[in-house]
Structures are given as C-alpha cells and as structure tokens.
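K.L.:
Residue strings, one per chain:
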Amino acid sequence: MKKLTPAKLIQLFVGFLLTSLLIGSLQAAETRSPTTADHSKFKVLQGDFKSAPEVTEACLSCHTEAASQVKKTTHWTWLYDHKETGQQLGKSKVMNSFCGMVVTNEPRCTSCHIGYGWKDMKQPPPEEESAVDCLVCHDTTGGYKKFPVLSGFPTEIPREWPKGSGKMVMPPNLTEIAQHVGASNRETCGSCHFYGGGGDGVKHGDLDSSLAKPNAALDVHMDANGLNFSCSECHSTWGHDVAGSRYQVNAKDTKGLVNPGHGEVKAASCESCHNSDPHPQAKLNQHSEKIACQSCHIPEYARGGVATKMWWDWSTAGRLTEEGKQINQKDEQGRLVYSSQKGDFGYGENVVPTYAWFNGTVEYTQIEDEFDTSNPPLGVNRIQGSAGDPDSRIWPFKVMRGKQPFDTVHNTLLATHVFGADDTSFWKNFDWNKALQDASDKTGFAFSGEYDFVETTMHWPITHMVPSADQALECAACHSADSRLAGLPGIYMPGHDSNEWLDRIGWLAVLMTLIGVVFHRIALIISRKINKA
Amino acid sequence: MSQEMIFKRFERFWHWSQALLIFALIFTGFEIHGSYSVLSFAIAVKLHTLAAWALIVLWIFAIFWHLTTGEWKHYLPTSKGLFAVVYYYAVGAFKGESHPYKKTTNAKHNPLQRLAYLGFKLAISPVIWISGMLYLFYGDWPAALTETLSLEVVAYIHTAAAFAMMVFIIGHVYMTTLGKTVFSHIKPMITGYEDTEKPDVKK
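Chains S and G, in that order, give the protein sequences.
The numbers in full-length UniProt numbering rise by one with no breaks, and the one at position 510 of the first sequence is 510.
The numbers in full-length UniProt numbering rise by one with no breaks, and the one at position 125 of the second sequence is 125.
Calculated from the structure, these hints are not laboratory results.
There's no promise every hint is true.
[Unchecked claim] In silico DSBU-like pairs for lysine-lysine, Cα to Cα no more than 35 angstroms straight-line:
#1 S/255 / G/46
#2 S/529 / G/103
#3 S/325 / S/163
[As the list claims (entries may be wrong)] Partner residues aside, some chain S positions facing chain G, computed with beta carbon under 8 angstroms:
#4 481
#5 494
#6 495
#7 506
#8 513
#9 523
#10 524
#11 528
[Claimed, not checked] Listed next, the stretches of chain G that the computed footprint assigns to chain S, with coverage defined by at least 3 CB atoms under 8 angstroms from CB atoms of chain S:
#12 41-49
#13 154-160
It should be emphasised that the depicted structure is a prediction, and the values quoted were computed from it without experimental measurement.
Don't be surprised by glycine CBs; every beta carbon is placed ideally from N, CA and C.
Using the sequences plus the hints, can you model the full thing?
P.N.:
Shown next, in the form of structure tokens:
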C-alpha cells in the first residue's frame, strides 16, 4: 500500500474541495424551470445553414412575432425619444467620450447591433425580418460570435483578428448553435455590453467579462455559485423589450415590490425585489429616501480584475515612428496606454465612485449643440437632479474624462471618421483634417475646417457589481471628516459637517471655564497659605 | 450636630446614573459631531441613542419622584442669600471666611445651586431633549416641519446645548471640591449622610 504523505493529503483535500465546488456550481446553475422544447429535435433546425439570416428565418417560422417585437425596441432602432428633455437620443444619435459617434464607422460599431447588415446610420436598420439576429442573445453554446467589423454578421470564412495577430476566428457552427438556443444569459448580453467602448470593461466600469462567472464578493446576485442571476432576472423583458435605461434611469423607485397582477412586470430597480425599506434598522431605511441603494452597496467599481478606462485623450493620437509606423505603448500590467490610432489612455481598478444628486434624467450634448468652449470640461452627457428635488437621490457614478475634437468656429463637437479601409479614416491615415472633413461630408454635420480638442466628461451611473451586504459601506465612509460625499451640495452630514464658529465659541467657552476653575483653585490655595501665615 | 440623610437612595441613584449617561452622551456625541474617531460613527450613534433613551426613562422616574415627594421645592429659586453665596465664592473664600449657607433637609441646595440646577433642568436639558428628539426622528419629520426647519439648525442647537452642558459639568464638579475638604461635598452624594446642624426649633 502506498504511503499517505502530507502532500497527498493536501491533494486529496483540494480535489475534494474542487469536486464539491463543481457539484455546487452545477446545482446553483439550475435557476430556470426546465424547457418544454428541445430545439435539437426541430426539423427546421436540422438543415445546414449557409448564413446567419437563414437561422433567423427558421426561428421566425415558429416564433412568428419575434422579429416585429424586436424591431420596436431600442436594441434594434438605436433611437430613444427622451420624454423629459425632448432630445432624440439612442446609439445612432449620441456622441460619447470613447469612440465618438457611430455614423461613418458603421461596420465596426454595428457589430454590436442585434441585426445583420446595418451599414448606414443615416438610414434605419435593414427592413427584412431575417436581418434580426436571434442568436446573439439566445445562443447557449458560447460558440456564436458577431465578427467585429462585419456590420453585425458572424464571419462565414476563417478570418484573422485582430489583424496581424495571427489569430484566426472560425465561422460559427450555425446548426449546432441553432439547435441549442435558449434564454439569454450573462455571456450573451455580455458579448456586447461587457465590451462597450471598444474593449473589455472600457466603458461602464461596472460591466466587464468578470461578471460572466463572478463570486459573491464581486456580485452577490450574479454569483455563479450562488444566486447565479442572469441579466434578465432584473432587466425583465416584455415582448423582447428589456427593462432599464441609461438615458432615463429609474433613480428612485417608489413603486417597490413588483407582484404579478400589480402593474407592469418590468423591473430593473433594486426596490422591485427588495422594496424601499429592506433594512432591519429604520435609520438605514430612511437613508434610502435620499441615497440610492447603489451608493452604499457598491463600494467600488471595476473590482473583477478588469480595468476600466478613465481617461481617453484623442488629442495625442496620430503620432507615428520616424519610419511612419504606428506606436502602441503598454504599461507594466500590459494595458495599452498609448496608441497612434486612439491617443492616450488612463485606467482604473477598484475605483471609488463619484457621487452626485440624480433624478434619472440624462441630457446629452448632441453634435448639433453649440456649447460654451470657455468653460471646460464639457459634459458630453449631463445628469439632472438636486438636493431639493424629491425625485433625486445621491447616486454613484463613473466619471469618464478625456479630450475630443471640436469645431473652433461652430463650437460644436465633431463626428470623427475613424474606421474604414479608405483614404480618409483616421485609423488608416492619421490625418484629422481628412477624417473630420469626410465625416462632415458624409453626415451633413457642419465642419468649418478649424478644430481643436476640448476636455470632456461623461457620467455613467454605477449599478452592477453589488457585493454581499457585509461589504456595504460603513457609516463613516460618509459620516466622517474624510467623507465620500464631501462637497456634495444641500446636505448636512453629521460627522462631516459642522459650523466652525459654533465649534470655536463652544470650545472656547469650555476652555475658559476650565481655566477659570484652575485659577480659582490656585488663588484659593495661595490665599489659604497667606491667611494661615 | 447629627448625621442626617440629605440625599435619599433614589436621588443618589438618579444623580450618579444621570452623570454616567451624560458622560457617555458627551463622549459619543462629540464623536458623532466629528471631533474625533474612537468608537466608529456607527457604534457612537448606537450608544448615543441608547444612552439618550435610558436618560429619558430615568428622567421620567425622577420627575415622578420629585413631584410625589415634594422634592421639587428644593429647586425653587430664591434671591435671599444668593448674593452672600456669590460673594463667598468670589471673595470670601479667599479671605478665609466660612460658607454662608448651611444645608438642611428642608433646603439642601444653596441659592446659587438652586439657580444653577434649575437652569440645568429647565434650560439646557429641555433644549438637548427637544433638539435631540428632532435629530433622532429626522427621517420621520412631517412635511410642515421639513419646510420650516433643517437638520443643520437642529444639529447646531443640539451641539450648542452640549457645549453648555460641558460648561455646567466643569463648574459643577469644581464646586463640589470647594467644601471643607475636597471630598466633603461629594461624600453625602455617595453615602447620603452629612453632618448637619438642625435649624433651631423652639417649642
């Protein structure tokens, strides 16, 4: 018989742990009722699909209303009519402080549209029903990938990506994928939403690939070994319309619990499950009147080991080596800190949010909007809300900063034609004049020919990466001299705020009394000695 | 000269538990105020609230006791002899004169004490209680109150009263040491008994 050495014992123990974890995770994964349909048995899904739209046609042969439902949603239209501000927003219209605008860069940007072949932002998405991409949300195999530069199509031939990397992206096995469709999950939603801004974790700060399989410390709801929520558990859907918006956030949900039969079953707020007074301590529940749950329950963002971009300076882009080659500089952690195509980058991990009053309404500086150039930074978006507004609460934000091109004559932001194998795109030609002029020519947005770079900010509400409750902020995170909410207007925070004159006079009174008492005693001792003598 | 019970058992219990609670309230209160960080804000708030409720309960009992026993009469202000006491502390004590006031079971506080304790009971304490309750129940303020009063003002009043309380305590504690010996005034507050001279009762 072999000897049981300590090393063996440790191996056995680790093996046991891993096995129990695996069993645990398998059990935890069972969060949905078993399906009544095995798609691999469907005749219409047995065929050899030549293209992705053919799969959509097969889907629609049973799910007859799905395409028309999808086409009504912002996921499809990339349009959002803002009821509060009257602005027409949506991905097809807004500018952001990352890649600028979609227009003139379509084949790259529309690789995240839930359709196939939207090549011109000035036109609506393709009309045919087969242009709806069912698989990007409903693939359960993880094998379906929209190729990054094909206007939303997956590749049909092996292609190298990124270019020059030697890595090949193979066409997805459409038949296999079609036979294993199911409800959306963190990976399918994440295939676009984790990578907003052009890479993992770049844009949001609270959404990145670490949420595909998080632990409870990263996200207690999505914890792969615990509750294992999919995105749609909170972002509930109604006829393919998904709850939740970053243009009009439900910043203060006063409806509370959502029960069947009691109004809309659309729920993307904490309160829709937890109600507005979930704490055993009344004082904490009272805080929820003025403070969003997220402010205390998300102590930091970008906590999953994926850095988020905090700074993007386009003004330095275009620098090349003496031989005219592109420069790509990385820091010690292997993050790109300068690229000729995009300029300078700054990153953040485990970032303490910025806090601000927020009533949910987000206003944008749109490309036609003239702005005050004398007062940078310019808010590419601006959040509304104030201490006096009963609909406002204090919310946590990622504040993205950077520099973007603007027209020094018209005082407007500028569309930038960065992507494309043509002779004007910035990423190919490194010439802002050409890139800006071409974007203007193609879009009709005015460009005087004069440009400079303006510092900009953008506010991104933080709402994901909620750890277990024991990791929520301590009172003193705000109620202290070194308060997280320091400088926030309209609040008196015990422990942080005080009136310096009241304190000065108060302590002076205490001190004078003490001194008086001491002098009285000294005088008494001396006088007694004199009286004795 | 005889040994007489000046401070009854309840009175002593009331005095010393009140003292303990007030010290706890001052210590936790100034942590909540942000003057230092020893216990953590959360624990300071918990203890402060707990001590406040305890003191309120104690006060309810004390008020009941004062009313039912007639002890409240000891706090009736009087100007008779007030100047003499003030003069003693300001001048007389330095000349080696003796205290002009003699404690009796009928009148255990001298006129200056009466005035100081009455001020403590009718001015400082009510301001602390009312502002403290408003502070504690800030989350439950009715709209009418929110429109007319701010937490900031309540906090300032509460803090100002706390400073006044500290001034009182320093003065009070010091005055107790001004007896024949340093502890001669404190002793009856602990044992209840003091050597007193009975007023002349002529039959």
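K.L.:
Now, for every hint given, state plainly whether the structure supports it.
P.N.:
Consistency of the hints with the structure:
{"no.": "1", "hint": "S/255 / G/46", "in the structure": "holds, 31 angstroms"}
{"no.": "2", "hint": "S/529 / G/103", "in the structure": "holds, 27 angstroms"}
{"no.": "3", "hint": "S/325 / S/163", "in the structure": "holds, 15 angstroms"}
{"no.": "4", "hint": "481", "in the structure": "holds, 6 angstroms"}
{"no.": "5", "hint": "494", "in the structure": "holds, 5 angstroms"}
{"no.": "6", "hint": "495", "in the structure": "holds, 5 angstroms"}
{"no.": "7", "hint": "506", "in the structure": "holds, 3 angstroms"}
{"no.": "8", "hint": "513", "in the structure": "holds, 5 angstroms"}
{"no.": "9", "hint": "523", "in the structure": "holds, 6 angstroms"}
{"no.": "10", "hint": "524", "in the structure": "holds, 6 angstroms"}
{"no.": "11", "hint": "528", "in the structure": "holds, 7 angstroms"}
{"no.": "12", "hint": "41-49", "in the structure": "holds (count 3)"}
{"no.": "13", "hint": "154-160", "in the structure": "holds (count 4)"}
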